[in-house]
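Colleague: Listed here are the chains, written in short residue letters.
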Amino acid sequence: MKVGVYLCQCGGNISNVVDLDAVEKYMDNGDDIVVIKQSSHMCSGAGQKLITDDIAAQKLDRVVIASCSPQFHEKTFRAALQKAGLNPYLLEIANFREHCSWAHKDKPEDATQKSIDLLNAAIAKARLDYPLEETKMKLGNEVLVIGAGIAGIQAALDLADTGQKVYLVERLPTIGGNMAILTKTFPTEDCASCILSPKMAAAQAHPNITLITDAEIEHILGHRLHFEAIIKVNPRYVKPEIDMDECIGCALCEEACPVETPNYWEQGIVNRKAIYIPAPHAIPYKYLIDPETCLNLNGGSCNACVDVCPQKAMDFDQRPETIKVEVDSIVVATGFDIYDATEKHVFGYGKFENVVNGLEMERIVDHIMEKDPPRQVGKRVAFVQCVGSRDEQIGREYCSRVCCMYSVKLASLLKQAKPGTDIYIFYTDLRAFGKGFEEYYKRAQKMGIKFIRGKPAHFTEDPDTKKVTVLVEDTLSREIIESEFDLVVLAVGLGPNRHSEKVADDLKLARSEDGFLKEAHPKYRPVDTLVEGVFLAGVAQGPKDIPDTVAQASAAAAKVIVALAQKEFSLDPMLAFVHPELCDGCEKCLGVCPVDAIVMNDDDKAGIKETLCIGCGACISSCPTGAIDLNGYTNEQLFAEVEAALKSKKPGERRAIVFGDSGSTYRLADTVGVRKMKYATDSRVLMVPSGCRVTPKLILFALSKGADAVLIGDSPVKGNRFEWAWDFTSANVESAKAKAAEAGIEGERIFSIEFSAGDLAKFIETMNDLSDKMARLEPIPDDKKSSLFDLKR
Amino acid sequence: MTDKIKKIRLTDRNVKFLEKVEEISGESITLCDQCGTCSAGCPFVEEMDITPSQLMREVLLGQEEVLRARTTWICASCFTCTVRCPRMLDVSKVAEALRQIGLRQAIDEIDINIIDREEYRKMPTIALVSAYRKLTG
Ligand SMILES: Cc1cc2nc3c(=O)[nH]c(=O)nc-3n(C[C@H](O)[C@H](O)[C@H](O)COP(=O)(O)OP(=O)(O)OC[C@H]3O[C@@H](n4cnc5c(N)ncnc54)[C@H](O)[C@@H]3O)c2cc1C
Ligand code: SF4
Ligand code: SF4
Ligand code: SF4
Ligand code: SF4
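As they're listed, the protein sequences go chains D and R.
With my numbering, letter number 196 in the first sequence gets 196, and the count goes up by one each step, no holes.
With my numbering, letter number 50 in the second sequence gets 1050, and the count goes up by one each step, no holes.
Chain R extracted, bound-state conformation (with noise of 0.2 Å):
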């Protein structure tokens, strides 16, 4: 639970944020039923911040801190979610091209540097891979 509600305004930023996830992911988010389909079969919700299916409501609404949502690491694109997704979405390639976003934002959630030994054995394979791979050419 948050403490406090928060107010979305909707305003072209928004949409240009859907818009550009769009483009990067090929997924047609605004056809998303909000089934949650996806979250009850994602293997890994549970280590999740946000579910599958709210990642998707996220981006539809154009909120961009949705950048740093765990849940686009966390993802393993294990396409669980793609073969059951009744409307034939990808979530998967929308939490990549959120990756891809928040990377060429430099957003740095992650540094590989500071990071504690504990945190980082449980750090998800992906996610320790990005985040090398952010500091190579």
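Here chain D stands alone, though its shape is the one from the complex (with noise of 0.2 Å):
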């Protein structure tokens, strides 16, 4: 084996702190270092010519660069490599800059013995490395839209139009989602039918899209441009278009059906029969049963449907089937739920008849506008905003953003319609943000609609007339009113959509703290998430109206355009792998996995899914015989590290050893550095993917090593992606615990804690904690330590 080893100076800013005359003196001297080189800029074309030429000329094998941190030269360095034609990662990197001479400036001793560990460690490392290859995966054009709302639809028809293979997967029976409940829409009053169906139409016809409804997602697995999909779809009980005794839509079957129940597009303000089409704008305009209330299908002798239609379409023996689809990106369109208001027993839904939320109110209307309507408003109607959202007394305390516009626009269409009503509308604030939205509720203020600042508290009915009184204050004027309404609407908010919860769980999407699907950066990557190829659209993501539902969906299509149009992508090398001979076939492994990599293989031994592995180190730790383990970080190689980074400890120092989690712990550490923030130096920081990849073993044995203390920093528990992580890095932390316990060592000197890559402060803190903590601890004595020994890796 030939080292060949290089120090960066960074133009002084290493070498000013760092004494690399020092560090070339003590640092690890094995015979197979071939090269040792300062360079005063390593990122450099002469820099990396250095190493190239050496390449070629000395004929290394491995590479270590004492430089910056990873995260910024990394993938220059792996390029160098690659081109004097070594495998690339074949390379190590200590990381002299942001974990030494910047954070360690005023320290310049101890920056350097930092410095001289670190690189000790890297070598040791290298040692182990072994040339690693990128699988490339061919990306197809496959697309799954789960939701076809409008968030779904639209992204669904410029994916579609760009050419992508598009499958739009619907729960219900038809497509259109919420917005295919609404009458007009503010601030314009386009009617919202009339804007959709269009639309919906188009999803239906058109040759790139496969419209799959009434069915449900029951399983999807796969974390990057690659994903498949167990879908489950409902009979609809009437046959097919594909045969040739297909319904006609002659509707006899629905005159006959004796059984009437509320219809869910009417928001049961108006019936239906078990037998139906759900609305006149339905897609698939087809009939179809309801399994809930069907008589026939529920037990009963009921044939009538099919004694009057003259197809025989009915088909009560249909099951339902189950699809498998294989696409290459997603896009999350689940939409919302509307706040369930009979959970506030004040404001007496679902008590009183005459309050109502505010999608029943849009049918409400509908119908008045259409001049049929099934129920009066009568006189005088309140509308009550922020029912169910900005209330902390029910965990929600965001804003709905659309509820105080759509209460605007019901009330001016009820007026218009019906000028001679008195309506109220009692908000804490108006909140009239968008474009046209202010000039709409003047609008309304102008027809006479009596906006009044309070929320009311108190609604009783009366037993006779059914009319709800009031009671709420006017905080403007500091008055009392009390008043009689005939119908009283609640503005009800918008919750995540209850059917979006496998998705997200399959799929390991974060939540923010409303609950609502989180994308991957506040301002950069709106409709991204963690999961490459994941995208969001629509409510999903947060409360928003139809504008900016749409752009964010037609966002999302061009993000699953941009991403596929790599053709091909490589999958990093860093996975896990099985070695064949020690597994014994215990399947352990497999329940650990969070993303369900771990197969067993027809020889019963288990093996690793390439394209499902997200190399997080969880199953390694799960193995009894110590089977499993990580490219790129292997136990041998870890173990290495740890040693090397503790040969220098001299009697009476102590040291920490830190496995940071490259994700956030790791950055933070760099960013400290980089912020040239001071902390205690008594510290080695490792690189592990995350933290449940440190086993107990590793941690016992930095102990038996002279370790005085082992921290693992983990990303947060909350909204990260790798959630789970934290039961397996505590796990191991507790696991490793109770050994060192039975070898009388302090639990003390080994716990675990999370790191947002912003915490600083905390990071310093915590750093500076566990110096004091190891400098009050007595040295572990060397009989303890060696009685960790006999822990085989």
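These aren't lab readings, by the way, just hints derived from the structure by calculation.
Treat each hint with caution, since some may be false.
Claimed, not checked - Reference listing, derived: stretches of chain D covered by chain R, where coverage requires no fewer than 3 residues with Cβ under 8 Å from a Cβ of chain R:
1. 390-397
2. 455-466
3. 630-643
Unchecked claim - From the derived model, a few chain R residues whose C-beta atoms are all more than 12 Å from chain D:
4. Leu1010
5. Asp1033
6. Glu1065
7. Arg1068
8. Glu1096
9. Asp1116
10. Glu1119
Cβ coordinates follow ideal geometry from the N, Cα and C atoms, glycine included.
Dock chain to chain to rebuild the complex, using the hints, since each chain is given by itself in its own frame.
Modeller: So, in structure tokens, the structure goes:
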């Protein structure tokens, strides 16, 4: 083996603090180290040339560079190795700048010692490096769009128009989502179904879109640009088009059916039969039978529809079908559920017949405008804002953003249709922030709609007239108003669709505090998720109106197209692998892998699916025989790194080994360095892919080799894609503590902490506390250390 | 209706008063949304001179006259507002804080010795208890 070691001065950034000559003198001086060179800028063309020349002339087969953090130039240096014909993964980087010279500017000797330790760790690891190959994956153009509200439909159309193959899956029997229920829309008063129907029809007709309605996502596998979805399609019990004896839509069955039940698309304002077409603008426009209410399907003998059907199109024997689709990308557009106002007893919703919610009012107003109202509203109507929003009593702190304007809209429409109506809107703050909203609000004021600032808190129903009395403070005049209304409309807020949970869990999508799906970055990546290839559109990501929903849906489609335009992508090779000769087929790892990447092969040995594995390392501590390992972070490598990082420790000194997850803690330590913030110099941060990669044995090994404490820094639990990783990290820490206790070693030497990338002060405090703690504790006596030693790797 | 518009000056003194009430009550009064839920729900609001939400407002503005408001004494700590406030504030604690400050300043709104019989019967229990309490050690 021939190792080349390059020490970067970084134009003085490193060499003014770290004594690089001392590093050369005291570093690992193994026979295999054939080159040691300093350069003012290793990342420059000249610096890289040093490496490529030496690889050619000296036949180097490992390269170690002491420079800035790998997050800055790892790619540059890997490319240099590749250019010289060496496998790019035979490279290690020691972080001299962020972790040493910048963070410990005021303590050059300590910085130099720390540098030597980090360099030795990198050299030890490099010796155990082996070539890794990036598997190239072909990208197709198939996209799964989950949820066919306006968001899903818009995304599907944009994708289909650019040639992608789209599966548009909807849980309900018609597409259209909540917008299909609305009457006109604010602030322009376009009729919702008039502007939605053409898009629904276009989605159905598009040759590149496969519509799958009345279907549930049973399971999704995959995490980057390759996904498998199992979809359960519910039976409609009326034969589909392909048969000659299909439904011709004569509606005879509907007349004959004896069952009456509330129609969802009418929000229960109008009833439907058990055999029905959901709405006049339903897509697909086909009869279906509702298995919940159909008498025949519930053991009865009714056959009324079959008797009258000229085609005998009914088929009560249909069963759910399961289909599997494989796609390259996913748009999650699962939308929302309105707040269930029965939860807030004070408002009387569900108890008083003249208290309705906003969505019901959409239907009521729609029918009033159509002049065939199944229900009248009376003369006095009150709207109550912020029901189920901005209310910490029910854990919903956020503003739902559309309810102010939909109340203004419903009030305006009602006033236009029935000018004699007295309308009051009780609000706390009226939010009219969008384009044309303020003008629309003013128009409503001009129409004579009264806006009263106060939130009603007391509702009673007159048992005879069924009118509702409302008690509210006008917070502007400070008078208490007690007033009777014929109808009270609750402006209910929006919450994430409860049917999105399975999808979010399977895809490991993070949620924001408010429960909506979380975007990858609130400013720059508003439609991306942390899962490569999965994008968000519409209210699934947070409350918004139709224009914002459509804009976001088109953005999500564009991002899918950008992702798929790569045509091919390479898989990071730092993934788990199995030593088949060690695997005894116990299947323990199967349950541990959070992304189901481990499968049992025909020979009863575990195998790793490369396309699924995310290289977290959780499986490694689960394997009792040590058969699973991780490329780039093998057990051997981590043990060697730890041992090398501790080798220089002299009697009386204290050292902590900190395992920092690459996503958060390691970068945080970098940022602290970049800001030149100081912290105790006695820790050595080693990079791991995630906290759960650190096995109990590794922790104990570090203690046995002289570490006075071991800290695992991991990304925060909340809102983190690797939320589950914490369970493993904590379990590993607990198990290591228990074993340490057996050897008589204090548990407080081992712990884990969550760090987010911006926790600068927390990091510094932790490192300083750690230092104090180590100083307080006596060194671990040698006999206790050696009792840890028999722990096999 | 007051007969004249009052002009308020916002000074350090006002802020100090707010901070004092916040400290004694443990409530962050600046969080109040002025939604009026507390006032509309309060079973005693009709007996009060200012509404509970107005009480919150006056404290926020640092208006020490609020110490003389009957409302602080009428509030019976029934917690109707507490369980409804969308900002999880506890108006009754604020009222209690104002009562304490008032007592310490020995503002004598009610002199139990000279109060007439009719008034005595109408007085809320809490006011009576407090009125007696201030005369004991
Ligand atoms: C009463 C009311 C009035 C409104 N009025 C207006 C207005 O006038 N103007 C305006 O701009 N906005 C208005 N809005 C807001 C508007 O409704 C939304 O902006 C819009 O509907 C959001 O569309 P979406 O596709 O994101 O969600 P949705 O319409 O909720 O669609 C999501 C779809 O996904 C489906 N789905 C969910 N989970 C799954 C799953 N696991 N598998 C398959 N399918 C699934 C759902 O069944 C649904 O069909 C109003 C909202 C309300 C509540
Ligand atoms: S069989 Fe079912 S759908 Fe047909 S008429 Fe009877 S109840 Fe209605
Ligand atoms: S949009 Fe208006 S009604 Fe809806 S939560 Fe926000 S402030 Fe309340
Ligand atoms: S490293 Fe192991 S646990 Fe993590 S994803 Fe890969 S196979 Fe699953
Ligand atoms: S209910 Fe709470 S937020 Fe609303 S006015 Fe009263 S104290 Fe303020």
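Colleague: Would you mind marking each hint as holding or not holding in the structure?
Modeller: Verification of the supplied hints:
no. : hint    : result
1   : 390-397 : holds (count 4)
2   : 455-466 : holds (count 4)
3   : 630-643 : violated (count 0)
4   : Leu1010 : 20 Å, holds
5   : Asp1033 : 6 Å, violated
6   : Glu1065 : 15 Å, holds
7   : Arg1068 : 17 Å, holds
8   : Glu1096 : 21 Å, holds
9   : Asp1116 : 28 Å, holds
10  : Glu1119 : 24 Å, holds
Hint check: violations occur at hints 3, 5; the rest are consistent with the structure.
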